[in-house]
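Chemist: Taking the hints into account, I'd like the entire structure generated from these sequences.
Numbering (the working numbering), first residue to last: 1 to 153.
Hint data in this document are derived by calculation from the structure and do not stem from the laboratory.
Everything hinted at is true.
Derived Cβ-Cβ restraints for the label pairs, each shown as a range:
no.: 1; residue 1: Asp82; residue 2: Asp53; range: 38 to 46 Å
no.: 2; residue 1: Ser18; residue 2: His49; range: 21 to 29 Å
no.: 3; residue 1: Asp82; residue 2: Leu62; range: 24 to 32 Å
no.: 4; residue 1: Tyr6; residue 2: Ser67; range: 13 to 21 Å
no.: 5; residue 1: Glu89; residue 2: Ala52; range: 53 to 61 Å
no.: 6; residue 1: His49; residue 2: Asn15; range: 13 to 21 Å
no.: 7; residue 1: Ile54; residue 2: Glu91; range: 49 to 57 Å
no.: 8; residue 1: Ala138; residue 2: Ile80; range: 24 to 32 Å
Keep in mind it's a predicted model, so treat the numbers as computed, not measured.
We treat Cβ as the ideally placed atom computed from N, Cα and C, and that holds for glycine.
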Amino acid sequence: MREVNYEALREAAQNYQSTLAWYQAIPDSPNAERDCDAALAAFKRHIRHREADIIADLLDGLEEAKSQLNEQREYYEGVISDGSKRIAELEAREVQLPTRYDLRYGHPINADERHVMIPKENGSWLYLIDLEHALRVAGIRIKGEEHGNKTRG
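Modeler: So, in structure tokens, the structure goes:
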């Protein structure tokens, strides 16, 4: 079977439809019948008594497109499901942070006190590195670090 040029077939069908509509609107026009017959002949040349083959090809293409769509839908449903599970895992994580501390940046002169948690009441200071360690143990990455390597010195 010869390959069907669907674009040309579509154009011929649309031309026939518009010419037929014009013919039906003005049936007494001397050119209307001739133009309608010419459009119908052009459409038939594209079909060439292959209606069944054309319909079968179109149905095969439709079935293939549906199959691909179903495969893509299943794939993306899996991706969404995996993402939802990962979100649930991340939301379920709990980290026990030290209590009764305020995070303040120390005086810029004293470099050791720049990243500390100062107790609200009497008590010892907690360094930021200890807090970061607690987060890493829980599997939470720290912004500014890549692959577990500290960027801070």
